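Student: Residue-level listing of the chains:
4 protein chains.
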Amino acid sequence: MAGSTFGNIFKITTWGESHGKGVGVVVDGCPAGLPLSEADIQVYLDRRKPGQSKFTTPRKEDDAVEILSGVFEGKTTGTPISLVVFNKNQQSRDYSEIASYYRPGHADYTFDAKYGFRDYRGGGRSSGRETIGRVAAGAIACKILDTLGIHILTYTRSIGPVAVDMSRFSKDEIKNNALAMPDKDAAEKAASYLETCISEQNSSGGVVECVITGMPAGIGDPVFEKLDANLAKAILSIGAVKGFEIGDGFDAATATGLSNNDAFCLDADGSVSKKTNHAGGVLGGMSDGSPVIFRAAIKPTPSIASTQQTVNKAGEEIQIQIKGRHDPIIVPRAVVVVESMAALMVTDLLLSNLGARMEYLEKIYNV
Amino acid sequence: MAGSTFGNIFKITTWGESHGKGVGVVVDGCPAGLPLSEADIQVYLDRRKPGQSKFTTPRKEDDAVEILSGVFEGKTTGTPISLVVFNKNQQSRDYSEIASYYRPGHADYTFDAKYGFRDYRGGGRSSGRETIGRVAAGAIACKILDTLGIHILTYTRSIGPVAVDMSRFSKDEIKNNALAMPDKDAAEKAASYLETCISEQNSSGGVVECVITGMPAGIGDPVFEKLDANLAKAILSIGAVKGFEIGDGFDAATATGLSNNDAFCLDADGSVSKKTNHAGGVLGGMSDGSPVIFRAAIKPTPSIASTQQTVNKAGEEIQIQIKGRHDPIIVPRAVVVVESMAALMVTDLLLSNLGARMEYLEKIYNV
Amino acid sequence: MAGSTFGNIFKITTWGESHGKGVGVVVDGCPAGLPLSEADIQVYLDRRKPGQSKFTTPRKEDDAVEILSGVFEGKTTGTPISLVVFNKNQQSRDYSEIASYYRPGHADYTFDAKYGFRDYRGGGRSSGRETIGRVAAGAIACKILDTLGIHILTYTRSIGPVAVDMSRFSKDEIKNNALAMPDKDAAEKAASYLETCISEQNSSGGVVECVITGMPAGIGDPVFEKLDANLAKAILSIGAVKGFEIGDGFDAATATGLSNNDAFCLDADGSVSKKTNHAGGVLGGMSDGSPVIFRAAIKPTPSIASTQQTVNKAGEEIQIQIKGRHDPIIVPRAVVVVESMAALMVTDLLLSNLGARMEYLEKIYNV
Amino acid sequence: MAGSTFGNIFKITTWGESHGKGVGVVVDGCPAGLPLSEADIQVYLDRRKPGQSKFTTPRKEDDAVEILSGVFEGKTTGTPISLVVFNKNQQSRDYSEIASYYRPGHADYTFDAKYGFRDYRGGGRSSGRETIGRVAAGAIACKILDTLGIHILTYTRSIGPVAVDMSRFSKDEIKNNALAMPDKDAAEKAASYLETCISEQNSSGGVVECVITGMPAGIGDPVFEKLDANLAKAILSIGAVKGFEIGDGFDAATATGLSNNDAFCLDADGSVSKKTNHAGGVLGGMSDGSPVIFRAAIKPTPSIASTQQTVNKAGEEIQIQIKGRHDPIIVPRAVVVVESMAALMVTDLLLSNLGARMEYLEKIYNV
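Residue numbers (this note's numbering), protein chains in the order written: chain A, 4 to 370; chain B, 4 to 370; chain C, 4 to 370; chain D, 4 to 370.
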């Protein structure tokens with residue numbers, strides 16, 4: 004099965020390897036009439052750029068996006084939008100060593116097992132650069148959502164053992180620190196923790212949290228195409244994500260019905276609301292009008308400088324040390340990737356919901 | 004978007020409401036030549052049957068499956084297998100009360116928001132009976148996997164605050180207690196905890212764990228169709244699941260690269276293996292040959308006898324007490340549903356992997 | 004690939020064999036709020052019923068449809084609609100002969116080639132009864148289209164060498180004769196031709212024509228999902244159809260640009276129209292507001308009483324005579340099947356067009 | 004619905020407009036291990052190049068393909084293959100006139116109707132250049148088919164009233180004349196006919212025929228995913244195609260069962276074969292081992308120099324003359340597009356057939 008296409012109606016297809024000619028994405032099914040420029044997309048790509056702090060790889064990736072099709076006179080035309088970022092900074096180093104063995108925690112072995120061989124240069128298709136297409140497409144999805152009054156806020160919830168204290172939550176703070184944390188104190192503690200990791204040739208995992216506000220109720224489907232199920236797939240499809248939870252998530256497993264149920268109430272304007280939001284904005288797979296809240300667990304960067312044991316293709320157990328420029332933590336750069344995948348998923352479900360009622364058909368076709 | 008179809012090649016479509024004429028599933032894309040009888044399927048359905056202990060609803064559901072098509076002379080023909088379970092035990096009680104308000108933790112409100120109205124009898128399409136189609140189809144998938152040497156073991160990992168002690172893990176014990184726990188002591192403690200919940204008109208959540216052994220390496224795709232991403236969607240598509248994690252999952256977020264990376268090693272027969280399995284059997288979205296291990300967080304049953312606040316359709320805040328026969332815990336009955344969804348997903352990915360290499364095409368078409 | 008599902012948003016899955024327990028269809032993605040009863044569907048099924056004239060098989064098939072799910076209080080709920088027709092009149096005759104050889108013009112040989120064996124009773128999955136699910140679902144699609152002011156008229160255009168004289172076209176006449184021809188004279192000549200066929204133990208082919216009026220312009224997509232391309236697949240997916248043409252079709256191949264181009268003009272109300280309709284209502288894959296007109300070529304019934312040569316499974320060339328009750332012409336009964344497939348396709352494309360413009364999203368989500 | 008993706012397993016996504024930055028295609032799901040170079044693809048693109056005779060537009064399109072991803076060390080890796088052809092020869096002329104009215108026979112009006120506006124430069128997304136992506140991807144499919152012993156021969160069957168005399172069929176002749184006809188005499192008569200068309204500022208339609216040999220039996224599915232139904236959609240998705248027929252096609256509608264049925268017989272090696280091939284190599288939607296034969300009706304080029312009536316966006320009826328460089332016949336250039344679409348479709352169906360039998364799974368997974 005072709006595995007590089009995501010979405011049913013708002014459908015993206017990504018392509019490209021770390022050290023090939025470039026990476027890109029084709030966005031098919033974007034509604035016509037959305038104002039769109041390269042600058043709209045570039046601002047999202049810049050958020051995932053490395054080299055912005057000591058906690059991200061010092062590699063320089065001046066990734067400039069080009070729109071090759073689908074936009075005319077400043078607006079989307081309804082035809083596929085082809086976006087490309089040409090690879091510029093790929094060093095022509097010697098990859099014969101990395102070609103010969105399987106790095107722990109990487110996909111080297113599984114690529115060989117699936118396809119019989121692999122493009123071993125810089126991680127090939129499993130490189131972090133694969134996310135460029137997701138983010139470029141996600142920027143378009145975010146613009147659609149903004150038009151509809153739906154906004155996504157994403158940030159680092161924890162790094163290693165250091166978690167954000169939600170009573171100190173500050174949206175503005177997210178952009179103020181290198182770790183995308185909404186709590187200045189936590190960011191400082193996390194920075195200190197990461198410096199220890201670096202000094203020990205080690206790396207750290209963390210948790211990203213995402214909050215979607217302005218969602219109309221009823222988005223997502225009741226059975227297999229649940230909103231939360233689709234978000235889970237979208238988020239777990241990002242490399243290094245090992246877990247997903249919506250609302251109270253795993254804490255709900257230790258809760259009771261009395262504590263976990265969200266009582267319905269009426270807002271001042273008479274609309275239905277909920278007193279609490281343990282559910283994370285989803286009931287029975289459909290949005291309930293409350294903010295949609297989910298978290299993603301991200302594993303520590305597998306590329307570490309410490310000596311590790313592995314196996315080579317000649318069938319020998321060997322000791323290796325991975326060279327090169329690697330992030331000691333990928334969480335801060337993953338924030339915009341999580342946001343992009345959420346935006347893509349929600350946009351697709353908003354579009355598919357247009358067919359939910361006869362009255363919608365009648366409204367559009369003027370019956 | 005139609006949301007009742009699951010899978011791309013091994014594709015199932017479920018239908019039916021709690022209090023309609025029946026529930027069923029059409030399994031399309033099942034390879035021809037698999038021996039199959041109703042008994043093969045019934046044994047899985049019996050595992051989700053209520054009324055087997057005091058911890059499940061005393062409702063009697065003698066769900067007998069019928070094969071309506073797709074099997075001839077004891078074998079699957081390659082054409083769609085239609086399975087049906089007619090509803091027999093649905094009481095014709097008065098639903099006017101439940102029709103008038105939104106139960107907390109249920110999909111009543113979101114159904115109305117999406118479709119404009121709902122079948123309010125017994126939860127309609129969001130009833131637990133919706134899982135009958137999944138389990139019936141899952142039984143077929145399990146039979147295919149068995150043929151290929153792939154086996155799935157699923158059990159309750161924790162109930163409320165009571166978790167299995169994995170050092171006491173006993174596979175046989177899973178069938179010995181009403182809670183499907185592989186640890187007799189934990190099962191006893193959990194039973195005691197649940198009795199307290201019942202006495203307090205309350206309910207409990209829990210965690211289901213699933214282990215898939217015998218998986219060939221290379222199953223799943225590197226980008227959007229990752230094995231773990233697909234499993235996450237499959238499992239979150241089950242009502243009441245609020246979280247999914249693979250391998251160390253959320254614990255990986257607090258780990259370091261040194262502790263989380265699994266070193267590759269060689270088995271006695273020279274094949275590649277891993278010293279540990281923090282990854283849960285998946286690297287870069289593809290199976291690595293180790294057991295695939297994941298967990299699902301399941302929320303407490305929302306139907307509780309205690310008084311709760313909600314809103315009715317007339318726009319009033321009201322106090323309600325939910326009547327009827329409800330499980331104080333759905334985890335033990337969810338075990339076979341989790342197993343079924345995992346089996347369906349893995350079967351679909353095994354089929355799609357058949358196109359991964361030119362040599363497979365050449366082998367089948369005898370070039 | 005599972006091949007029994009049709010449609011992307013309005014999605015149907017059919018199942019069942021000629022001599023199994025029944026045949027049916029699950030309609031997923033039907034918008035909520037459509038009034039629907041079994042009687043709405045039965046009237047379409049009755050149009051494909053055999054035994055209504057000497058030109059159709061005297062087999063009695065009292066196919067009564069049952070709605071098993073998806074309709075509540077007389078309206079569709081948005082959840083899957085399961086429809087079933089149980090097989091009642093299947094004779095338990097001896098099929099050992101038919102099991103042993105390959106009937107010319109039938110799928111016996113290709114089923115064996117694909118799946119390794121086949122359900123040989125009455126054609127199994129390739130029986131004409133397979134179309135019951137299509138027609139049952141098509142009835143629902145027709146009801147949606149009616150609501151939107153879109154109407155489909157389908158009739159026999161020719162039988163063997165006898166074609167309708169379009170200058171004598173009478174819509175009312177279609178229901179007056181057993182051959183569904185809109186020209187009484189042609190119907191009489193065709194009847195006479197068919198009696199000759201019957202007396203010679205032979206059968207005849209014919210052409211079905213379909214006209215869709217009230218189509219809004221812009222339905223269908225410009226590249227792979229063209230309206231006419233989708234109609235072609237829908238119609239060729241009906242057994243026995245060997246050709247499809249839209250508008251002037253194959254005649255366009257002998258035409259010139261001057262004669263084939265349709266000039267645009269203005270209607271009295273100022274709306275854009277076309278002076279002619281050689282295009283058949285489709286330009287660049289999208290409907291142009293004119294009636295959509297297409298034709299399907301249907302081959303002669305392959306089951307004939309004359310002696311034929313074939314091969315048996317023992318690897319011998321043999322002479323056979325096919326027994327049983329067979330239509331000397333399937334065209335009149337195929338009319339409603341063609342209409343159903345057209346309705347299903349158009350409904351699906353109307354739904355997918357809802358995402359074509361940002362302004363539609365804004366309209367539905369009240370921005 | 005996104006309409007620029009074709010195929011389920013071997014899946015292509017095309018993008019690009021006539022006068023944008025380029026056109027391209029992403030091929031996802033190509034099996035790993037296929038030797039592939041840009042030269043393999045360029046040879047197919049060169050077959051659709053204009054300017055090769057007086058019967059094609061004198062526009063120069065030196066379309067050179069670049070592989071941007073998915074190929075490593077000369078072989079496909081199993082990851083998406085991104086192919087691009089940058090637009091080089093697009094003149095920056097004044098399009099304000101063409102922007103203001105609707106050309107007869109073109110998609111100008113329907114694009115406006117669907118999306119609210121259009122990229123009017125050179126036909127935009129509906130330009131013949133849209134087929135570059137199809138042909139580039141088709142070249143890869145052809146290479147896969149060659150490996151499996153499946154070969155596709157495509158040629159012009161007729162131009163206007165001039166048809167090939169099949170008794171004079173010469174495969175070699177196809178490449179000898181500018182019209183891709185396998186009959187030298189017919190090619191000369193057709194050339195003479197086209198010169199008349201040109202002198203009269205007119206254009207001509209024609210028929211393309213395609214023969215696929217070496218097909219294993221059993222490819223395609225029995226119900227909606229029939230081989231011929233899928234081919235019909237693939238071919239009708241090409242702009243300007245107005246009809247499709249398989250085997251005897253529309254002639255079957257005037258035939259009888261006795262003349263149309265193909266008797267089965269045994270070949271010298273004992274394999275099952277057919278004495279005739281009226282069916283065109285497909286029975287019940289599945290290939291029967293005989294050559295698959297189909298034809299496509301192609302309408303006359305709508306862009307003609309003669310004066311035509313139409314409507315402008317200001318709501319006036321006007322007379323126009325279309326300027327620019329246009330093919331008086333597109334049939335010869337369409338030959339390779341038809342071949343490409345057939346190759347893409349057959350490749351996809353060969354891949355999906357890998358899941359048809361349990362024994363195939365067992366063979367690949369070594370059970």
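FYI, nobody ran anything at the bench for these hints, they're computed from the structure. Possibly wrong hints are sitting among the right ones.
One copy or two, it doesn't matter: identical chains are merged, so the pair holds either way.
[Said to hold, decoys possible] Calculated pairs, BS3-like style, for lysine-lysine (alpha carbon to alpha carbon, straight line, at most 25 angstroms): (1) Lys278 with Lys178; (2) Lys24 with Lys366; (3) Lys57 with Lys192; (4) Lys78 with Lys316; (5) Lys24 with Lys91; (6) Lys78 with Lys57; (7) Lys187 with Lys78; (8) Lys91 with Lys174; (9) Lys326 with Lys278; (10) Lys174 with Lys24; (11) Lys178 with Lys57; (12) Lys57 with Lys316; (13) Lys57 with Lys187; (14) Lys187 with Lys174; (15) Lys316 with Lys278; (16) Lys24 with Lys192; (17) Lys24 with Lys78; (18) Lys78 with Lys91; (19) Lys187 with Lys316.
All of these numbers come straight from a predicted model, not from anything done at the bench.
Student: Run through the hints listed earlier and report the numbers of any the structure violates, in increasing order.
Tutor: Numbers 1, 2, 6, 7, 8, 10, 12, 16 and 19, in rising order.
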